[in-house]
Amino acid sequence: MTSDSRKLSIGMLQAEPHGVILPAEVAAFQVANIDLLILPEYFWLETEDETHRDALSHFESSREKLAELSQTLDCTVVGGTMVEPTAEGGDAAWHNTSFVFQRGRQLGFYRKQRLMPGEAKGGAVAGDEILVIEIDEIRVAPIICADVFDPDIFHTLAEAEVDLIAAPVASPYLPEDTVESKLQRDREIFVDRSQRAKAPIVKVCTVGAILGKRPLQGRSLIVTPEGVQFRTPFEEEQERRSWIHEVELKL
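1 is the number of the first residue of the sequence shown in our numbering; add one for each residue after it.
No lab work stands behind these hints: they were computed from the structure.
Predicted model, so just to flag it, every value in this text is computed and none were measured.
Ideal Cβ placement from N, Cα and C applies to all residues, glycine included.
Hints may be right or wrong, so weigh each one.
Claimed, not checked - Keeping only pairs whose Cα atoms sit at most 35 Å apart, straight-line, the calculated DSBU-like set for lysine-lysine is:
| # | residue 1 | residue 2 |
| --- | --- | --- |
| 1 | K198 | K7 |
| 2 | K7 | K121 |
| 3 | K182 | K121 |
To be verified - Label pairs and their in silico Cβ distance ranges:
| # | residue 1 | residue 2 | range |
| --- | --- | --- | --- |
| 4 | A27 | L183 | 28 to 36 Å |
| 5 | Q229 | P117 | 29 to 37 Å |
| 6 | I244 | R114 | 41 to 49 Å |
| 7 | R214 | E48 | 31 to 39 Å |
| 8 | Q229 | P151 | 19 to 27 Å |
| 9 | P225 | T72 | 27 to 35 Å |
| 10 | E180 | Q229 | 36 to 44 Å |
Sequences and hints are given; from them, build the entire structure.
The following block contains the structure:
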């Protein structure tokens, strides 16, 4: 490790939606004294939710649980995403939002910019700003899932001089997918975006299904401009998993 680099201890939770972190997972993160925990996209949906709009009813309680988790773990948490009401209120429209908490205090929020067709059809409203927070002077920015398909976002992150990108993702299960095509997507999308932003990307995926619909695959990753540093073992892409990695950051 060079004099102008630092390591960040990062917890990754590849898990089903429903907002549940198991006691053993909490204990492991506490023992490791992690600096940052990243949760997956739509982690705070609940079993009873049949549509995204249903999740608006428990938005405040979900955000409170996230705040408590960051306090329990004594670290910063990029809280996956939750369905956030728009400023106008009501349930006609909503944001897919990643809230960031540090030891019980909200540092900020990031709203998904590139929506999937089902989200837009279901009333989601896109965000239009990046968020950069600091962990001991390390600049961290969240993105959400399909944002990775917009190269301009990563040029903006490079201009903001971010040190790390946290990416909650829900990746659809593709029955005919091959190992070769997965490796190719990792290179052509995530490594490329890491190179554009000049920063590592930690991608944390949802498993199971969102709202009981299309099944997902847990293709969690850590990439740097040099390439893939970690990926979920192919045979574990349908499984709930947690990991702790030290990621070296060039500051």
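Going down the list of hints, with the structure as the test:
1. K198 with K7: 16 Å, holds
2. K7 with K121: Violated: K7 and K121 sit about 41 Å apart, past 35 Å.
3. K182 with K121: 28 Å, holds
4. A27 with L183: 28 to 36 Å: 34 Å, holds
5. Q229 with P117: 29 to 37 Å: With Cβ atoms ~32 Å apart, the hint holds.
6. I244 with R114: 41 to 49 Å: 30 Å, violated
7. R214 with E48: 31 to 39 Å: 19 Å, violated
8. Q229 with P151: 19 to 27 Å: Hint holds: Cβ distance 21 Å, inside 19 to 27 Å.
9. P225 with T72: 27 to 35 Å: 34 Å, holds
10. E180 with Q229: 36 to 44 Å: 20 Å, violated
The earlier numbered hints that this structure contradicts are 2, 6, 7 and 10.
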